[in-house]
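Chemist: Sequence lines, in order, name chains A and B. First residue of the first sequence: 76, per our numbering; consecutive thereafter. First residue of the second sequence: 242, per our numbering; consecutive thereafter.
Be careful, since some hints might not be right.
Label pairs and their computed distance ranges (CB to CB) [as the list claims (entries may be wrong)]:
1) B:Leu-318 with A:Met-110: 23 to 29 Å
2) A:Leu-367 with B:Ala-261: 48 to 54 Å
3) A:Met-85 with B:Ala-319: 38 to 44 Å
Going by beta-carbon spacing under 7 Å, a handful of chain B positions derived as facing chain A [claimed, not checked]:
4) Phe-256
5) Ile-258
6) Leu-280
7) Ala-286
8) Phe-287
9) Gln-300
10) Ile-302
I should point out that these hints are in silico values taken from the structure, not numbers from a laboratory. Please read all numbers here as calculations on a predicted model, not as lab measurements. All C-beta atoms, glycine included, are put in the ideal place defined by N, C-alpha and C.
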Amino acid sequence: MGTPIPLPIMPGDLTAIGPLLAVVIAAAGFLAVDMAFTREELKNRWTFIIGIIGAALAAVTALMLDIGTGESRLILGEALYADLYTVFFDLLFALLMGASLVLSWTAVERARMKPVEFYSLAAFSFAGMFLTSRAADLLSLFLAIELLSMPLYVLAGFATTSKTGREAALKYFVLGSVASAILLFGIALMYGGTGSIDYVELGAQVSSGGRDSPLVLAGLALILAGLAFKVGAVPFHMWTPDVYEGSPTAVTALMATGVKAAGLAAAIRFLAGPMAAALSYVSVMLWWIVALSMVVGNAGAMLQSNVKRLLAYSSIAHAGYILMGLLGDSLGTAAAVYYTAVYVLSVAGAFGVVQYFGDGDRELETVDDFNGAAKRHPWISLLFTIFLLSLAGIPPTGGFVAKFFVFGSAIQTGHIGLALLGVLTSVIGIYYYLRLVIAMWMKDEGRPVLAELSPTSWVVLGLLAASVLALGCMPGWLWLIVQSAVVSLV
Amino acid sequence: MPAPLEYLAVSCILFGIGIAGVLTRRNLLVILMSIELMLNSANLAFLTFSRLHGQLHGQVIAIFVMTVAAAEAAIGLAIVVALFRQTGSVRIDEATRLRG
Numbered sequence: 076m077g078t079p080i081p082l083p084i085m086p087g088d089l090t091a092i093g094p095l096l097a098v099v100i101a102a103a104g105f106l107a108v109d110m111a112f113t114r115e116e117l118k119n120r121w122t123f124i125i126g127i128i129g130a131a132l133a134a135v136t137a138l139m140l141d142i143g144t145g146e147s148r149l150i151l152g153e154a155l156y157a158d159l160y161t162v163f164f165d166l167l168f169a170l171l172m173g174a175s176l177v178l179s180w181t182a183v184e185r186a187r188m189k190p191v192e193f194y195s196l197a198a199f200s201f202a203g204m205f206l207t208s209r210a211a212d213l214l215s216l217f218l219a220i221e222l223l224s225m226p227l228y229v230l231a232g233f234a235t236t237s238k239t240g241r242e243a244a245l246k247y248f249v250l251g252s253v254a255s256a257i258l259l260f261g262i263a264l265m266y267g268g269t270g271s272i273d274y275v276e277l278g279a280q281v282s283s284g285g286r287d288s289p290l291v292l293a294g295l296a297l298i299l300a301g302l303a304f305k306v307g308a309v310p311f312h313m314w315t316p317d318v319y320e321g322s323p324t325a326v327t328a329l330m331a332t333g334v335k336a337a338g339l340a341a342a343i344r345f346l347a348g349p350m351a352a353a354l355s356y357v358s359v360m361l362w363w364i365v366a367l368s369m370v371v372g373n374a375g376a377m378l379q380s381n382v383k384r385l386l387a388y389s390s391i392a393h394a395g396y397i398l399m400g401l402l403g404d405s406l407g408t409a410a411a412v413y414y415t416a417v418y419v420l421s422v423a424g425a426f427g428v429v430q431y432f433g434d435g436d437r438e439l440e441t442v443d444d445f446n447g448a449a450k451r452h453p454w455i456s457l458l459f460t461i462f463l464l465s466l467a468g469i470p471p472t473g474g475f476v477a478k479f480f481v482f483g484s485a486i487q488t489g490h491i492g493l494a495l496l497g498v499l500t501s502v503i504g505i506y507y508y509l510r511l512v513i514a515m516w517m518k519d520e521g522r523p524v525l526a527e528l529s530p531t532s533w534v535v536l537g538l539l540a541a542s543v544l545a546l547g548c549m550p551g552w553l554w555l556i557v558q559s560a561v562v563s564l565v
Numbered sequence: 242m243p244a245p246l247e248y249l250a251v252s253c254i255l256f257g258i259g260i261a262g263v264l265t266r267r268n269l270l271v272i273l274m275s276i277e278l279m280l281n282s283a284n285l286a287f288l289t290f291s292r293l294h295g296q297l298h299g300q301v302i303a304i305f306v307m308t309v310a311a312a313e314a315a316i317g318l319a320i321v322v323a324l325f326r327q328t329g330s331v332r333i334d335e336a337t338r339l340r341g
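All chains should be built: construct the whole structure from the sequences, respecting the hints.
Modeler: As C-alpha cells, this is what we get:
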C-alpha cells in the first residue's frame, strides 16, 4: 500500500484480447449506424456488414494469438488468460455470431425487432462470452457473466408484439440476478477464506489444504450453484423452459448456444483449471447436479409438445452430459469441451432451421405443426434431421462421438452408475427427438410454411450440418486440438 | 475495533433477508430491493474480509459490484415498467402465462 503501481499492460496483451476488442468495436459500430442513417435499408445493410466484419475479425485475431509452447499466459495484470483454450472458444463464439447474423435475421424482423438494436445488444452479450473463457480470477468471472447476461435480460423482452416476452424477461431477470448475487456471495466467502481471488493462488491454497475452512467450502458450493444456473443444470434450471419459450426465437437461439457454451467455458476453466484440487470438495454436489440434470431434462422434454420448450428441456439434459465430463480426469475434461462444441453446432443449426418455419408473424410452435414438412421442403427437413440426430446422439453424427467420449471417461474413472444413467436417459432422448423427425417425414396432413432462405443462409446451414457430420465421421482432428487445449488449462 | 465476525454475521443476515424477500414477496419493486440487498450484503462481506486480510482487493471488488448493481437496477426497473404497461400491475402474480 502506498507505492504507486505501474499500469499492468504488457506488449502483446492487446493482441491477446483482440477478439474481445473486435466484438466491442462492432457493438459500438452498430450504435453509430443507428444514429448515422435514417433509412431502414441502409441501417440494415450496414448492420450486416459491420457484424460480419466484426465476427470475421474476432476469428482472425483469435488465430493470431501466439500460443508459444502451449502453456497458459496471464495477461492484463493477471486478470485474464490467453491460451489454446481461449482460442478454441473464441472461434466457437465468432462462428456463433456470424451464424446468428445470417440465420436469425428473418426471425428478428418477424418479431418486429430492429436488427441494428438487436445485434448491438447481442454483440455486447458476445463480448461477455469472449470474456468467460479467459477469466483468470473470480472478479473477471463475475464481470464476464454479468456482461453476457444483462443484454439478454433486455433482449428477452424486446419484441413488442410478443405477449409472453415481457414475462420471460422478468423471470430471466429476477432468477438471473439472484443467481449472480449467490455467485457473488460465494466469491466473497472464498475471498474471506483464502485472502485471494486469483485462480492460481486459490488453487495453491486449496491443494495445500491448510486453509480448507468452512468459508472455502461454502464459497465453492455457492459459486458452483451460480454457474449451474447459467448453464441451466438441475436444480437451478427452473427458468429455462419458460424463458426459452417466451423469448423471441432469435434470442432463444442465443441463450441455447452462446450463454450455455459461455457458462460451460467458465465452469470448465474454474473446476478443471488451476482450481482442480477444489473439485474433490464439490464432487458429490456435481454428481447430483449431473444425475438430476440428465433425468429431469430428458423426462421433461418427453412431455412437451412445444418445440422451443422441448429444446429447452433437452438443453438441461445436455448440460448434465457435459458436466459429467468434469467428474473424470483430463480426458473427461477434453470430452466435455468436445461435447460443448458439438452441442453448440447442432443447436445453432436446429434453431437456425426452426427460425425459418412460419408465416407472417406466426412461428411454428408445436411438434404437430411440423407435420408434412419433408414433403413440402425436403432439403431443409433433411438438415433439421441431421441436427436432431446429432442432439439425440445417433451415429454418424458428432453427437454420438461426444456422448461416447463422455461416457467412456466416466466409466474409466469409476463413475459406472452415472454412465449407465447417461445411456438410459439418452434412450429417452432418442424418443422425443425422433418424434419431430417422424412428424416431418412420415406424416403428410400438415402444410408448414417456410420463409424464404437467402443463398447465404443455405451455405451457413449446410456448413453447420457438414461440420456436425464431419465431427461424427472424423473426430480425430478436433479431439487432438481439444486435448491440447485442456492441457493448457492446468 | 469490533471483531470482523460481527460484520460477517450482519452480512449473512442481510443476504438471508434478501433471499427470503425474493422468494416470498409478490410485489416486483420489493423483489428488486431484495436483490439489491443481496448484492450489498456481499459488498459488506468483501469489505470485512478486506480489512481482515489487510488488503485492498475486497474494497476494489466492492466498487465494481456497486457499478454492476446500478446497471442491474436500471434493467430491472425498465422490465418492470414494460410489464406494468402490459398488465397494469407490478405484482408477480400477473406473470403466469408461461408454464408447463
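Chemist: Against this structure, judge whether each hint is valid.
Modeler: Evaluated hints:
Between B:Leu-318 and A:Met-110 the beta carbon distance is about 25 Å. The supplied range of 23 to 29 Å therefore holds. In this structure, A:Leu-367 and B:Ala-261 break the distance hint of 48 to 54 Å, their C-beta atoms being roughly 25 Å apart. Checked against the hint of 38 to 44 Å, the C-beta distance between A:Met-85 and B:Ala-319 comes to roughly 39 Å, which is consistent with it. The restraint placing B:Phe-256 at the interface with chain A holds, with a minimum CB-CB distance near 6 Å, inside the 7 Å limit.
Violation of the interface hint for B:Ile-258 is found here, the shortest Cβ-Cβ separation to chain A being roughly 12 Å, above the 7 Å cut-off. Nearest Cβ of chain A to the Cβ of B:Leu-280: about 5 Å, under the 7 Å cut. The hint holds. For B:Ala-286, the interface hint holds, since its Cβ comes within 7 Å of a Cβ in chain A; the closest pair sits about 4 Å apart. Proximity of B:Phe-287 to chain A holds as hinted, the smallest CB-CB distance being about 5 Å (cut-off 7 Å).
Because the smallest distance between the Cβ of B:Gln-300 and any Cβ of chain A comes to about 11 Å, over 7 Å, the interface hint for this residue is violated. Taking 7 Å as the C-beta cut-off, the interface hint given for B:Ile-302 holds, the closest approach to chain A being about 5 Å.
Figure legend: structure checked against the earlier numbered hints; hints not met, in rising order: 2, 5, 9.
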